[in-house]
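Undergrad: So the sequences go chain by chain: X and H.
Numbered as in my numbering, the first sequence ends at 151 without a single skipped number.
Numbered as in my numbering, the second sequence ends at 112 without a single skipped number.
Just so you know, not all the hints are guaranteed correct.
Claimed, not checked - Only part of the chain X face toward chain H is listed, based on derived beta-carbon distances under 8 Å:
| hint | residue |
| --- | --- |
| 1 | 37 |
| 2 | 40 |
| 3 | 53 |
| 4 | 111 |
| 5 | 115 |
| 6 | 125 |
To be verified - Per the computed footprint, the stretches of chain H lying under chain X, defined by three or more beta-carbons under 8 Å from a beta-carbon of chain X, are:
| hint | segment |
| --- | --- |
| 7 | 3-15 |
| 8 | 22-33 |
| 9 | 56-68 |
Everything labelled a hint here was simulated from the structure, so no lab data went into it.
Predicted model only: the values in this text are computed from it and were never measured.
Ideal Cβ placement from N, Cα and C applies to all residues, glycine included.
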Amino acid sequence: MGREERDGRAGLTLQLDNAIASIEIGRLALNAYLEPLACDARLLNRLEVVFEEIVSNIVRHGGGAGRILVRAEFLAEREGGGPAVRLTVEDDGAAFDPLHLPEPEMTARLEDAQLGGLGIPLIRRLSRTVSYARVGAGQSALNRLVAMVAG
Amino acid sequence: MVDVQFVKTPGITKAVLDGRLDTAGVNDVEIRFVAGIVPLGTAAIVDLTRVSFVASLGIRMLLSTARSLRNKGAKLALFGATPNVMEIIESTALSDIIPVLRTEDEAIAAVA
């Protein structure tokens, strides 16, 4: 199950198991963290989708990740924009950069449409910025995905 | 838990989805959703009015069902998406591939 820590106004930290149920646990914790901060509905929806896609990708394809670490930080004022949330998700699975996956080809023909691989493009399109890094070394190395999501 | 109800009239099936089309929701509803639409091989419209959230697996379910129906010579259209759901539909270009309309009447006209 999940372990949650509130770090004052600075953000939310969660440790989740590598399990589908963790997505809902994380979503509820994110909502509870952001609810008093009066995020607009579009920002919340985008954040939920980005969180869902990142964690779902780890759970379904994550190369043996044992744990998933999530940090969310609400940024009330940003240069040149409204509120945003910086979402950081780390896992201890095998090194894997999902942002290097090719974008599915866009098509208007139903018979040619690609059924899979829609999650990573959604993360890109709903985030202002998104980046991947492999951090640490040896047994403690982690995949780290950081998405900045705005309304 | 995602609910799905079907209203079957001659020549058209209406599926009414209710809930979150996230990873868990799609795992829960996909078999019932497909089974209620595809075997009939008739035109289908999907009411998204009560869908509060959709992620990529939900888009894939809708796309896959539309394709299966197309293979049987019938069309599928969506209607009633909320602004949040519509943003995801447009971000995945689903609306370029299958008709996504505002109202039930428009959806019926699109699959006729």
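Undergrad: Given that the segment 3-15 of chain H was listed as covered by chain X, double-check it with a C-beta distance under 8 Å for 3 or more residues.
TA: violated (count 0)
Undergrad: Given as covered by chain X, does the segment 56-68 of chain H meet the bar of three residues or more with CB within less than 8 Å?
TA: holds (count 8)
Undergrad: With a cut-off of 8 Å, does the beta carbon of residue 53 of chain X approach a beta carbon of chain H closely enough for the hint to hold?
TA: Holds - the Cβ of residue 53 of chain X comes within 8 Å of chain H, reaching about 6 Å at its closest.
Undergrad: Given residue 40 of chain X as an interface hint, is its Cβ closer than 8 Å to any Cβ of chain H?
TA: 11 Å, violated
Undergrad: Does the interface hint hold: is residue 115 of chain X within less than 8 Å of chain H, judged Cβ to Cβ?
TA: Holds, because the Cβ-Cβ distance from residue 115 of chain X to chain H comes to roughly 5 Å (cut-off 8 Å).
Undergrad: Within the segment 22-33 of chain H, is the number of residues with a Cβ closer than 8 Å to a Cβ of chain X three or more?
TA: holds (count 4)
Undergrad: Holds or violated: the hint that residue 125 of chain X contacts chain H, with Cβ atoms closer than 8 Å.
TA: 5 Å, holds
Undergrad: Hint residue 111 of chain X vs chain H: min CB-CB distance below 8 Å?
TA: 7 Å, holds
Undergrad: Using Cβ atoms only, decide whether residue 37 of chain X comes closer than 8 Å to chain H, and label the hint accordingly.
TA: 18 Å, violated
In the structure shown, a violation is registered for the earlier hints numbered 1, 2, 7, in ascending order.
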